[in-house]
Amino acid sequence: MAEFKPKAIAFICNWCTYTGADLAGTSRMEYPADFRIIKVPCTGRIDAEFIIKGFEQGADGIWISGCHIGDCHYQSGNYFAQRRWSIFHDELEFLGIDTRRLKYTWISASEGRKFADEATEFVERLKELGPYEDFDQIIPKIEESGASVGGDG
Amino acid sequence: MARIGVFICHCGENIARTVDVVSVTEVARTWPGVVYAEDYRFCCSDPGQSIIRDAIKEHNLTGLVISACSPKMHEKTFRNLAKASGMNPYLCECSNIREQCSWVHHDKEVGTEKAIDLVRMMVEKVRMNHPLEPIEAPVTKRVLVVGAGIAGIQASLDLAEAGLEVVLVERNPSIGGHMAQLSETFPTLDCSMCILSPKMSAVKEHPDIKLLTYSEVEKVEGFIGNYTVSIRKKPRYVIEDLCVGCNECVTHCVFKKPKFPDEFNEGLGKRKPVYIPFPQATPQGAFIDPETCLQLTTGKCKQTCVTACPKDCIDFEMVEEIEEVEVGAIILATGFGTYKPELLPQYGYGKLDNVYTSLQMERMLSSSGPTEGEILLKDGTAPKTVGIIHCAGSRDENANIWCSKVCCMYSLKLAHLIQEFSEAQVFNFYIDIRAAGKGYEEFYLKVIEENVMVLRGRPALIEYEEQGNNGKGNLLVHTEDTISGTKLVVPVDMVVLSLGFEPDKDAVQLAKTFNISRSPEGFFMERHVKLAPVATTTDGVYIVGGCQGPKDIPETVAQASAAAASVLGILSKDKLIREPTVARVNELNCIGCFQCEKVCPYSAIEHKEIRDHDGNLIREVALVNDSLCHGCGPCAAICPSKCIDVDGITEEQIYSQLAVL
Amino acid sequence: MLGVMVDVSDAETTSTANATFRELSTLQSFAKKLLESGTVKMVIGYSQGYTSDRAMPAFITDPEKASSLIFDKRCFHNLTMYLKTAEIKCAGKIAIVVKGCDAKALNVLLLENQIKRENLVILGLVCIGVGDPTLEKCRICNVNTPPIYDELFGKPVPNKEWTSATFTRVKELEGKSQKELWEFWVNEFNRCIKCYACREVCPICTCTRCITDKNQPQWVPTSPHSMGNFHWNLTRAFHLAGRCIGCDECERSCPADIPLSLVNWKLIKQVFEKYGFIAGMSPDDLPPMSTYVEGEEEEFIK
Amino acid sequence: MITINTNSLGKLLESARSAGYRFVAPVRDGTISLFRPVDRIQEIALDLITPVKSPKEYFFSDHECILSYKRSGKSLIELSEPSKEDYAPPTVIFGCRPCDAAGPGIIREVMTWDCDDKFFLDRLESTVIITIACVEADEACYCTSVDMAPDSETGSDILLTPSKDKPGVQQEYLVKAVTEKGSRFIEQTKGWSDGTVNPAPAIEGLKSSMKPTFDAERVRKWLDTSFEDKFWDTATLACISCGTCTYTCPTCHCYDIIDEGNTDGGKRLRNWDACMMELFTLHASGHNPRPTKSNRFRQRLTHKFKYYPDLFNRILCTGCGRCQRYCPTDHALKNLLEQIDKLVSTESQAAEAVDK
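Just so you know, the sequences run in chain order A, B, C and D.
Mapped onto my numbering, the consecutive letters of the first sequence carry residue numbers 1 to 153.
Mapped onto my numbering, the consecutive letters of the second sequence carry residue numbers 1 to 661.
Mapped onto my numbering, the consecutive letters of the third sequence carry residue numbers 1 to 302.
Mapped onto my numbering, the consecutive letters of the fourth sequence carry residue numbers 1 to 356.
Keep in mind that the hints were calculated from the coordinates and are not lab data.
By construction, the Cβ of each residue, glycine as well, lies at the ideal position given by its N, Cα and C atoms.
Wrong hints could be hidden among the right ones.
Listed below are the simulated DSS-like cross-link pairs for lysine-lysine, each with C-alpha atoms no more than 25 Å apart in a straight line [to be verified]:
no.: 1; chain 1: D; residue 1: Lys70; chain 2: C; residue 2: Lys32
no.: 2; chain 1: D; residue 1: Lys70; chain 2: A; residue 2: Lys141
no.: 3; chain 1: C; residue 1: Lys179; chain 2: A; residue 2: Lys141
DEER-style ranges, computed between Cβ atoms [what the hints assert, rightly or not]:
no.: 4; chain 1: B; residue 1: Pro138; chain 2: A; residue 2: Glu133; range: 37 to 47 Å
no.: 5; chain 1: D; residue 1: Leu279; chain 2: B; residue 2: Val508; range: 51 to 61 Å
no.: 6; chain 1: B; residue 1: Leu568; chain 2: C; residue 2: Asn119; range: 53 to 63 Å
no.: 7; chain 1: B; residue 1: His130; chain 2: C; residue 2: Thr208; range: 17 to 27 Å
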């Protein structure tokens, strides 16, 4: 069987983590390619909906990263983000979402090394966890006719 | 129907080595809405840009995706190109297939697969882009310069000469900074104060420069073109405008003799609680140190200074004041600190006599310094031998890892000056000599010719020898000559530690106040290390001189002028063009719960009243003030009915990127 | 005259209610006076339902009908939900009957600029619990005496304080494994028919265009399939983080009998434990999702 | 006529399943019950008056894929339709009450009106409805007011009439094949019958005690002239604008069509929609022809008791009582209909008095 290639998303802030990721590139640090970055201005912009939609699109894991507390380019965006994730994470856990598939980090513009290391850890973790079968079971499949014939289909 | 053009850049081999750019291009051609896709060796080059320009026009493109380096590099370039080619610049996006793809993956298959996804995500985003029009904001034609060392002085003079008002804030009682402490400057051996003091008085005299010494910036609000800055003016207890620096108060202070370590002389001399920091101090007046003044610490003093002052300028009732100024841009020239020699116990600073820091040596060599230019041991005799230890606390995993760039040159300068003004033989202990700069290598060769002994090796230990060859105690420098590979013990009478630059003690707080980032070592971080070396990620805030990193005087002055020029560029316009990537409200569905208002860091959310034809209030909705909004987005995230969206990173743009995952 | 009041003025009902709430006649006469004097245009309260064992909301404009007001263990409804409806918004100044939990909603609505205090006469009831057997929310109630009112009916009782031991029902579920929780909730949510009774009945769900009704983009799938149901129920709850006052009306209204309040109480518990916050205790407290404390750092973010 | 005992219902289930039918019946889930496919007779729970959702969903699903699409090449789309085997498997719906059984037949009028809805019709054709006549009702029930009865045959393929006029006891049901399909099913799955009896046992208790509470025809006449009556404004204030009444209703049949997917492909779904929700009639322009609860409630009532009868000569209601039973505020059609009826009789008495 071919090695499991996780599908994952990283929502990262433009000012710190994105620049840190650029620095990892400029410094030619290698890390696994199994996640796609969506750049947002600030972690404060990241809506809880983005996470749910990510899983609905079949993501095996989601990574959120921004500026360290106190270093937000927009002064306080990451403070609000932090509270939002704190409560949302608890709620997801309560509803049975496998929260090991969520990763949160603060990575500054100068932490290229940390970005590469965390990226590696993230992908390794997802490889270990395997495909997110639980969630996959509730995603309607295009190929199936999908007609719900009554009941709880 | 979207008409999107996709350009895949090879970046020479930078991208093409790990990404099969041709097949990425071929795949891109199969996507709906992509009407043109091409790969090119250097999209940012002139010929590359003209291919893109032609495609925009020929295919009447409604969206443009440039897959190349990080958008931080060339997003502006390509957006300007789009604009010049008749396309709204905000219809152009860059996907990052170099820094975040080709440079971090080595397997071409993996790199290509990822690049395809990255390009596809950006194509889907661009499909949702819509034209944005720049926002105009008014500009305050006044500049705040923080720190009045040579960097701040130079920037202020450049700006004032160009006709802008400048508010120059210095936390010390006098301007001048570190440069005022130096004896001579390398490699030309100009007298430091001789070249600095005319600039200091020019600052003082300039009608457009408002000088606020012994003051600190408390709070900064606003944005480029429109900052409001609160400055805390600490009391000098001497009325600055009246004092002429006659020194009567100092002479008549209840402390008959100077008792307290003199900061300007790096503790080598003593001062009274009331003093003039140094002869050329600007402003030239006296100043009372609240930490040591008897009246201010105990409230019980005869206040002889008050009676002695011929102009009645001493005022113990003086209190702190907060002054608010409106400025359009800010230049930070807050300087640097030096490595703490106490952290190098092997060199005995503070424990052994006759171990000095390089700045102390500068003061000793200065004709206006504590020894009036004479090099003296603690016992008042002249040294016969002096050891200068380079890289003290620098290039050291156990101390600071970085090279401070100027220490080699100033150590050689000190060697030259010591040999010139005394009989002493100087030994310079170095690891490498870094003499890169105009005339620097030549200066190094000249110093060698002057018989300064240079020994390659980092000294391990300095100890005191009771009975030296002079018949009195001296210092033994244990080191290794790494050229011959032999261990050496060099007896010297005096040691100078060449300490490196460190971030200023207030750097953390300053970075917070001005909302800028710091590099790992703690200096302020520039927007781009090569292409925007004096700008920061906060628009309208610039960094110059030692606060950005170790550098010498010419480089500092160049940065100061560069920042001044950048500021002039911004403030020369009557209106400022702001990025239109701001939040906007769907008034139809907004219920006016104002959760957005609570999370906005810029107070950009206002209340708008919706009224019927008769003027009756129907409801209140949120309204974004364009000129305050920075487009950060917590408002959009907290809005329960998603009535706030942020242009440039709309919900649809994120959704569409997710949808192709 | 109000349609809903037709046929429900029988004496038997009134006497039943009197048996459980001694201040009823005071409430009725106060309501009557408010209407007679023109102080308010309408009184929203409870009356006998169409079904003999149910109570229902009453919208009284005729002072003579004030005597049909009841209050007893069947009066679950959080009447403050009607304040968001177009019909009540344009009704002018009104009086509303609230239990303590309902009154919490008023504080949230005031904080969020959804109601005007001057347009409201709050008739607070001291309530020791509704439902037979008494509801879980009443067992842990910390507002037997409402936190906001203009006129109080009933002798005030000292309010209990919450501790983390309050949330036993949530804690029972927290003990389960991730897999068990997932299966439990997917199974529960599968019964959802997307009737949105939970949303409509919620006094705090004040959006005129709910996120699920927004289709550009369509974050929440509207279909009642497993994914759509999971997403809807998660989002509905999360939008109430730091705002939900725990009236449990969503769960009571759910025709599919989904334990929605558990999801809400988990949020209430987290917000209480992490930030010491209880929604609706005052109209001035900043909700925890809209504020922060300088320097606070969460351990789970590395 | 053949009969079946309570104890033999398991045999009926097994014979139906071995004949290839999916067997759907009320199943208890917590405090409610729902129609669900069952494997064993023990899963079936007939003790509640009604399952929350009517069996309508087995003909007209709450969400169903009507086509799926996939991008193939730059500008080509591949379409595919669900197969009949998937969406309309042979099914027995067992344990319906007469009010539920009547639902699909009533909706059939509109599903075959201007075009044939194949999903609905195919399912109707492949489904056998086995109804049990009622011996108990609750306060919400009002079938006798809408031309129905506790033992109505309308819509059923097979009607089981209990032998005893009491709920929750052992019964010997009289089995009547109402339709051809019903007879064929009995023929196909025989072996579960417990004998024959002639004539049928009569259950009269509930039938005689359940008197109509309003006159539907009188209400229809009032509706003709009362579109703007202020009755609507005051009578509908307690409504919370949710979809409970419409979604649990056996005859409501409004739907919404949505696409779920992305640029690579997706599905076109038909989902239930509810006229009680504010957005139901919202136009793209922002205009909403039914902006208030009274407008919406009037629409629902008038559709069921005037427009549908005008068009198809059939009330769009079977009196199952779900709209009241599950309404969060105990506010439902029945009571409004009664109020209207009372209003009409008061008005006519007044008119008569004037005439005299």
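Hint numbers contradicted by this structure: Violated: hints 1, 4.
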